[in-house]
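Chains as they are written, first to last, in the working numbering: chain C, 213 to 600; chain H, 213 to 600.
One or more of the hints may lead you astray.
You can't tell identical chains apart in this list, so a pair holds if it fits in one copy or across any two.
Calculated lysine to aspartate or glutamate pairs in the EDC-like style (CA-CA distance at most 20 Å, straight line) [to be verified]:
id	residue 1	residue 2
1	K597	E543
2	K523	E248
3	K433	E506
4	K437	D370
5	K517	D467
6	K473	E462
7	K593	D504
8	K596	E248
9	K597	D502
10	K556	E235
11	K573	D561
12	K473	E389
13	K560	E570
14	K468	E481
15	K278	E409
These are calculated hints, taken from the structure and not from any lab test.
Note that the coordinates shown come from a computational prediction; the quantities given were computed from them, not determined experimentally.
Listed below, chain by chain, are the residues.
2 protein chains.
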Amino acid sequence: MNALLLILDGVGGLRSNKGTALEEANKPNIDELAREGATGLMHVIGRGIVPGSDTGHLAIFGYEPKKYYHGRGPFEALGAKLELKHGDIAFRANFARVEKGIVVDRRAGRIETSEAKKLEPLINGIEIDGVRVIFKSTTEHRGVLVLRGEHLSPDVSDTDPHKTGVPPLKAKALSDEAEFTANIINKLSQTIAERLEGKKANYLLLRGAGRMHKAPSFYEKYGLKAAAIAGGALYKGVARYVGMDVLEVEGATGDKHSNFKAKFEKAKEISEDYDFVFLHVKATDSFGHDGDLEGKKSIIEKIDKLIPIIKDYFDLIVITGDHSTPCIYKEHSGHPVPLLAYGKYVRKDETMKFDEFEAMKGGLGHFKGLELMDMILNWLKKQKKFGS
Amino acid sequence: MNALLLILDGVGGLRSNKGTALEEANKPNIDELAREGATGLMHVIGRGIVPGSDTGHLAIFGYEPKKYYHGRGPFEALGAKLELKHGDIAFRANFARVEKGIVVDRRAGRIETSEAKKLEPLINGIEIDGVRVIFKSTTEHRGVLVLRGEHLSPDVSDTDPHKTGVPPLKAKALSDEAEFTANIINKLSQTIAERLEGKKANYLLLRGAGRMHKAPSFYEKYGLKAAAIAGGALYKGVARYVGMDVLEVEGATGDKHSNFKAKFEKAKEISEDYDFVFLHVKATDSFGHDGDLEGKKSIIEKIDKLIPIIKDYFDLIVITGDHSTPCIYKEHSGHPVPLLAYGKYVRKDETMKFDEFEAMKGGLGHFKGLELMDMILNWLKKQKKFGS
Numbered sequence: 213m214n215a216l217l218l219i220l221d222g223v224g225g226l227r228s229n230k231g232t233a234l235e236e237a238n239k240p241n242i243d244e245l246a247r248e249g250a251t252g253l254m255h256v257i258g259r260g261i262v263p264g265s266d267t268g269h270l271a272i273f274g275y276e277p278k279k280y281y282h283g284r285g286p287f288e289a290l291g292a293k294l295e296l297k298h299g300d301i302a303f304r305a306n307f308a309r310v311e312k313g314i315v316v317d318r319r320a321g322r323i324e325t326s327e328a329k330k331l332e333p334l335i336n337g338i339e340i341d342g343v344r345v346i347f348k349s350t351t352e353h354r355g356v357l358v359l360r361g362e363h364l365s366p367d368v369s370d371t372d373p374h375k376t377g378v379p380p381l382k383a384k385a386l387s388d389e390a391e392f393t394a395n396i397i398n399k400l401s402q403t404i405a406e407r408l409e410g411k412k413a414n415y416l417l418l419r420g421a422g423r424m425h426k427a428p429s430f431y432e433k434y435g436l437k438a439a440a441i442a443g444g445a446l447y448k449g450v451a452r453y454v455g456m457d458v459l460e461v462e463g464a465t466g467d468k469h470s471n472f473k474a475k476f477e478k479a480k481e482i483s484e485d486y487d488f489v490f491l492h493v494k495a496t497d498s499f500g501h502d503g504d505l506e507g508k509k510s511i512i513e514k515i516d517k518l519i520p521i522i523k524d525y526f527d528l529i530v531i532t533g534d535h536s537t538p539c540i541y542k543e544h545s546g547h548p549v550p551l552l553a554y555g556k557y558v559r560k561d562e563t564m565k566f567d568e569f570e571a572m573k574g575g576l577g578h579f580k581g582l583e584l585m586d587m588i589l590n591w592l593k594k595q596k597k598f599g600s
Numbered sequence: 213m214n215a216l217l218l219i220l221d222g223v224g225g226l227r228s229n230k231g232t233a234l235e236e237a238n239k240p241n242i243d244e245l246a247r248e249g250a251t252g253l254m255h256v257i258g259r260g261i262v263p264g265s266d267t268g269h270l271a272i273f274g275y276e277p278k279k280y281y282h283g284r285g286p287f288e289a290l291g292a293k294l295e296l297k298h299g300d301i302a303f304r305a306n307f308a309r310v311e312k313g314i315v316v317d318r319r320a321g322r323i324e325t326s327e328a329k330k331l332e333p334l335i336n337g338i339e340i341d342g343v344r345v346i347f348k349s350t351t352e353h354r355g356v357l358v359l360r361g362e363h364l365s366p367d368v369s370d371t372d373p374h375k376t377g378v379p380p381l382k383a384k385a386l387s388d389e390a391e392f393t394a395n396i397i398n399k400l401s402q403t404i405a406e407r408l409e410g411k412k413a414n415y416l417l418l419r420g421a422g423r424m425h426k427a428p429s430f431y432e433k434y435g436l437k438a439a440a441i442a443g444g445a446l447y448k449g450v451a452r453y454v455g456m457d458v459l460e461v462e463g464a465t466g467d468k469h470s471n472f473k474a475k476f477e478k479a480k481e482i483s484e485d486y487d488f489v490f491l492h493v494k495a496t497d498s499f500g501h502d503g504d505l506e507g508k509k510s511i512i513e514k515i516d517k518l519i520p521i522i523k524d525y526f527d528l529i530v531i532t533g534d535h536s537t538p539c540i541y542k543e544h545s546g547h548p549v550p551l552l553a554y555g556k557y558v559r560k561d562e563t564m565k566f567d568e569f570e571a572m573k574g575g576l577g578h579f580k581g582l583e584l585m586d587m588i589l590n591w592l593k594k595q596k597k598f599g600s
């Protein structure tokens, strides 16, 4: 038996003068799954806790974030297909433009991907005090930077000031043992600035320092051969971190214009090759951050139309979010996300549609993200008995 | 955004030939909040666990009672405005009358407050074997006694026999390391008896030994500036323990004749000065202990009439209890307490009124007291994201 886990990022909402995006959307296919299956409310990390996208996915995949989350950097790096080693310190990096010591553009004029790629060799391979720098340019101004060596610590502050009109920040040690690392970063930023001198992108801002820790693979934990279909680097990174095969899909960009249909076609195509397919849609979250209810609703309607593509190819379909991003909140929130499960071994409840309010009455009740994988294994009849 | 947490002490009940006090009470204002907000059931410490008033409040404020509860004494002492130091051992104290070695009145004929106050200097400041005694007389026969010094332990039994017609008890060491402390208490009781000889109140009974432990403040934990409005010393003490400002309100006595209206007026008055106001009403619990359903109901009705005073002054209103005290139980019970939340960021559910039975269908489901503060922070949009 195989399962599809469809994560509509940030799908949970709050009502304002209108219903939530899930309530407002015309989504007959998803509602049919709810009617034929069961729903409930998932507290992804815990009641009232606001998940990040990284911690939310870790919890849903059954990896306790308090244990396995060590900063965003490693997930970004893994998402960019950098091979990380245990102990590596990884950062999200931005090409920026600095004039007279002041950050004037944090995205270096949205430098083109091909142009940014040419700058990669100027940074990749730098060595400072025995620490090796690995750098990869990804999309436009975005990139990832990894420090590999001895005595490194992730307890360092960002050099990205997160705004323009101010100088780039000096990395500061947030613990005694991080002095060496902060020093490396500050020397490195200087070296990079020298090498980029005269370019349009003449500075590299760093943020989200994190240390790579090994985790048991999804297959080791659950015996499920798993694949991920996602556009955004962070989601690919989390999937790689837990050892899923990350599949490339043409046009899956992780933005509002992603080729959703291609992602669903891919899920169908590989349904016999994998026990578990994680399909991630980012745009619901993006519209939530924008406070754009119509946009969020339109994505749900687009996804709804694609459900028939995969419906008969999976024995279990689970649809949920990694957190709520209500349009009236414009941020991730700690409200629980509705979850729908449809399959032969799911106990059907009386809920008739898929939204936050119907799910309050759902037969699955309230549960935590960390509990989901065990529920899925049980629905797949692949859970091992505890006891005899 | 600011929050009001209204605790109706012991509000949860059980049906008998009548409904519970919450069901029987005519409470249109509270029911309106339920209708416009959401309800659920809170297991204050855990399913089936019977909370004390101290442990219940600790859990609700997000302080794990197993970690932060070390006996009632320190809360009584803090409630009486004694400044405690880490390591102090505090007791609840009763002036009593002993004749021919037998306790004949555990309250020394309900000695008047002013008369008891005159006895304070006879006890306060005593030193025995290097241990200093701090004593404060509070209301009528009540007082608190603190031991300050080295090598003290809270593992000592009460000297209060909790009944008359028997001698005061000797304090016993409940662990090896408490021998010194038990010895001090027995010497001290003798010394106090000598100093009180010939008075109407001629003995001081001690109970509820507890050691003062420091805790992170409410502000440190949540970033919320918090105030407490309560009559009873214990509740003031718990509030002081977590670093809330405890406000004095004329006529707020913590009994059945407390000036409830003055407390609500005070909450309104300070609503702009604080992020979080804890308003405590004791009388619901007192009537529960008495088995007086009419009395308990009448308090709920009185409180209901005061809701309009504060309704428009808080962005979030949460109403619940610290435990159940059902009239047919006459004691604290481990049944969950209904909880109501009303505010902009609360997901409205379909419950139409506020009671134990409607809350079973509430959209908040079942949760623990320790989870409440995270839920409140999320409803206030003041919860920090975990992850990125």
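Status of each hint after checking the structure:
no.: 1; hint: K597 with E543; verdict: between (40 Å within a copy, 9 Å between copies)
no.: 2; hint: K523 with E248; verdict: within (12 Å within a copy, 38 Å between copies)
no.: 3; hint: K433 with E506; verdict: neither (40 Å within a copy, 37 Å between copies)
no.: 4; hint: K437 with D370; verdict: neither (37 Å within a copy, 29 Å between copies)
no.: 5; hint: K517 with D467; verdict: within (18 Å within a copy, 52 Å between copies)
no.: 6; hint: K473 with E462; verdict: within (10 Å within a copy, 67 Å between copies)
no.: 7; hint: K593 with D504; verdict: between (40 Å within a copy, 19 Å between copies)
no.: 8; hint: K596 with E248; verdict: neither (26 Å within a copy, 37 Å between copies)
no.: 9; hint: K597 with D502; verdict: between (46 Å within a copy, 18 Å between copies)
no.: 10; hint: K556 with E235; verdict: between (26 Å within a copy, 18 Å between copies)
no.: 11; hint: K573 with D561; verdict: both (9 Å within a copy, 10 Å between copies)
no.: 12; hint: K473 with E389; verdict: neither (49 Å within a copy, 56 Å between copies)
no.: 13; hint: K560 with E570; verdict: both (14 Å within a copy, 12 Å between copies)
no.: 14; hint: K468 with E481; verdict: neither (23 Å within a copy, 48 Å between copies)
no.: 15; hint: K278 with E409; verdict: neither (41 Å within a copy, 59 Å between copies)
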